[in-house]
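Please assemble the complex out of the two chains, which come individually in their own frames, going by the hints.
Each protein sequence line maps, in turn, to chains A and B.
First residue of the first sequence? That's 1 in my numbering, and the numbers climb one at a time after it.
First residue of the second sequence? That's 1001 in my numbering, and the numbers climb one at a time after it.
It should be emphasised that the hints constitute simulated quantities derived from the structure, not laboratory data.
One or more hints might be untrue.
So the derived label-pair ranges between C-beta atoms look like this [what the hints assert, rightly or not]:
# : chain 1 : residue 1 : chain 2 : residue 2 : range
1 : A       : G65       : B       : G1104     : 35 to 41 Å
2 : A       : V75       : B       : T1092     : 35 to 41 Å
3 : B       : Y1272     : A       : T108      : 54 to 60 Å
4 : B       : S1108     : A       : T108      : 23 to 29 Å
5 : B       : E1245     : A       : A96       : 20 to 26 Å
6 : B       : T1153     : A       : R174      : 32 to 38 Å
7 : B       : V1244     : A       : L69       : 44 to 50 Å
8 : B       : N1160     : A       : P92       : 51 to 57 Å
Backbone N, C-alpha and C fix where the C-beta goes; we use that ideal spot for every residue, glycine too.
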Amino acid sequence: MRLRHTVTALILSNAAATAYGLVDLTPSPGEYKAAGITYQQLVFKDGQQNVSYDLPHGWSYRFDGGRILLTPTDVAFAEASIEAVPLPKPQPFDRATTEKLSQQVLTTLPPNSEAITITKSEQNPVLLNSNLSYEIAVSYKTMGSVFQRSVLFVNAPGTQLIFKLSARKSDFDRLYSVFRSSVLTWQWVEAAVADTGHATANEQRAR
Amino acid sequence: MRYYNQADYRILIDSSNNITITDYTGAAITSGSTYNQVTGAITTNQVIQDNREATFVRLTTVDIASLTSAMNKLPAWNHTGSGGGIIYISDTSAGTAINCTLNGNTVSTVKRGIRLKNGATLPSGGMTVVAENPVYIQGDYNTGGVPPSDSGTYTSPTVNGYTRTNAAVVGDAINVLSGAWSDANSDKAISQRVATSTTVNAALVTGQVPSGSGFYSGGGENFVRFLEDWQKNSNTFTYYGSMVELFNSLQGTGKWQANASTYKAPGLHWYYDTNFQSGSPPGTLQIAAYLQQQRWYQVY
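Pulled out of the complex, with its shape left as it was, chain B reads as follows (with noise of 0.2 Å):
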């Protein structure tokens, strides 16, 4: 079954930025308490300048807090049983020329995104965010809030007394957000753009931009994109997870490239997460085949 249909909640953004929440059953939520609790947790038209993709990118923001203070009392949520909840949401105008503005300028864009805030303490259960648009998590995620990880002791990824869920991001491409980045400066130079320690603790699914054409797609060492300036006080990107590419993106196509302007790398702690092998996040993942044309394809 595909993640929109597994999701308790469906969240869809339109070109006019309409929001439109269904539950697993289908039905739709246009008002209420439900509905209000969670369209307060997004903040649609945002828009940075996205070095990699040479061009803009219109974010729809999760404020991960806001929705997780929520979700007990959000009637679908945690409809099987499981004790987590799966969300779906996407901006399904890609492709679409949206005027937006950035640090008072307007500016036009096809691309969008959908960023996960504030996500350092997740829903006890677990919790796994499915998006078609590249995702951007922005800040220590699933950590419980600023981790010993982040300053240098990096098999500590969480604060003391958390218990870091089962949680998984699915998204047309990951992107790293450090706590520092700001909107405003995603125009300026990489100087502008300095990264802070960050954790990050979630199963990650994704695509990438293969290598060809005299391009590489920069190697498992970039299955996560970067857009700041990691090296400046040795900052570090510290990951408890598994990292899983099951396909070409559609939407974050802009090729790999290590100049200076696009990111500095961060120091890469990288750990496999055990607690895996005795739980997964919410939802199932399944890779359909077409056996006959042994294509393989996506599914959400």
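Chain A extracted, bound-state conformation (with noise of 0.2 Å):
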């Protein structure tokens, strides 16, 4: 009995394991239409499951060196970015971490950078599927502008999340808003799900 609950267990931390992995930001777009309104979606691929995401309204994006980079169309000198990093096992928010990613978020804000302040750290801002986050805002000052970045960052199984807007500061409250709604779309279903993602918008527009 013991040795068939051992194989049992086995087998599902297999499946576990390979229904995830690094998520590949390659995205695949689509759209589906909900309540009159058309929403802009792109799909992922992450093993054997896949993500669905769906654009800030009216923000283009574009796949560029792996990642997802989003621009609203509106605000100047505001990006917003998606990446995806290997994470080849479990990675707790403890201190010594949250001080790297700190660290990581201060040294790619751009050169000549000043006045640069931490002004947000939290634990789990936002739960991606139960999958832990840890969010870094930081302002700095830089073409004579005074801007905010939000970096959030969420471990998930085999991947690392990294999600980043900039913007102005005085700019950066409202696309915040825009761009967590957005974070929060991103779900991950089945793959057969996802495929038939566009006849489920069909069946949406014939409602």
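Right, dumping it as structure tokens:
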């Protein structure tokens, strides 16, 4: 009996390990309609699963260097990005890790940035499918303007997702709200479900 | 007179989840059977992820069934002699960051909400619940049980033998969670937040997030806010009541969005409750105005 449990556990463990991998951010664009509004959606591969993500309304995107770059069409000097980096083993957001992530955020600020201040350092501002997260926000001055940047790290199985938003301070709060809402549209779905996503959209149109 | 002053009982929750109860005279109730019965119906410090608000919300849950069974034993209940009563309940710590636990994970939130649960049967004289926070009505409300309207007979919003009472819910925002709602699944994909058909029989008085700056309020059909997939299995939301929108929400300020990860709209079967032509929920809703400035403001 014990051997059977062990074998079952190994099989389940293996299934869990192969269900997720490094999220491939090569996007498959699509759209669906809900309540009369057309939503632009990107679908990514994650092992045997897919990920669906709704673009912020009115924002454009491009796939560049393995990242998704997002740009609000009506605001200058603002950009968001989504990156996926390998996470070979589960990583808690302990002090050592968060200090490392803080340094990572600071070192990727534009060169010659001034008045750099970490304005937020928060555990789990969101849970994406119960995956833990950590957010670091910084304020900095460059090109004569004060900017703000939020970097949200989400540790998913096999992948650390990095959602980053940078904008002038005067634009930041509004864009932050829009981008954060879009982050919450990040959903893991069975590949078969995602493959029929357009059919679902058509069904919605027919309603 | 403000609802706060009309209420039979006022229940205030602070950031540390301490519950303060006063009756309509302002007398504090700090111990004894009344205190135990009221606090026994309240569970504090629960948390959900609200995708419309794009953050977590700390909830105080009122078990209406538990409260209702105690109502007639409570000395201040029905103090006006109208047969029903008013409960004013608020978490006064909105805006203060508080750590909560969701699925074993520590999360922080400044948002608060009041959840009304097990509200199928209300006191026979009627009940008005007033909150300064967003309200989450979970499951059938004022239906007497699972009504025929939940299985397609939309003109039968109560179980046989139950007479729906004059009820009202007043809050900063009104969310309806179906009877199938699970807090633990609130941070998961919409596929794990599948609703079940639900009926609410109550007047609703609340606020909105207005259209503007490229956002749409959602219109009248989104007066009530949802967080689940109601389309799978063609679930419906049946409503008998009267909807009153008086102000812009101050706490439930998440903008309406119909994306598939926030909610998938139910089939809506809404009816004005003609019972309100012969009676009204406990309490008097008043609107005050600064005449000189021609500005309206809300009165709880």
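Going through the hints against the structure:
no.: 1; hint: A/G65 with B/G1104: 35 to 41 Å; verdict: holds (36 Å)
no.: 2; hint: A/V75 with B/T1092: 35 to 41 Å; verdict: holds (37 Å)
no.: 3; hint: B/Y1272 with A/T108: 54 to 60 Å; verdict: holds (57 Å)
no.: 4; hint: B/S1108 with A/T108: 23 to 29 Å; verdict: holds (25 Å)
no.: 5; hint: B/E1245 with A/A96: 20 to 26 Å; verdict: violated (50 Å)
no.: 6; hint: B/T1153 with A/R174: 32 to 38 Å; verdict: violated (46 Å)
no.: 7; hint: B/V1244 with A/L69: 44 to 50 Å; verdict: holds (45 Å)
no.: 8; hint: B/N1160 with A/P92: 51 to 57 Å; verdict: holds (55 Å)
Violated hints for the displayed structure, listed by number in ascending order: 5 and 6.
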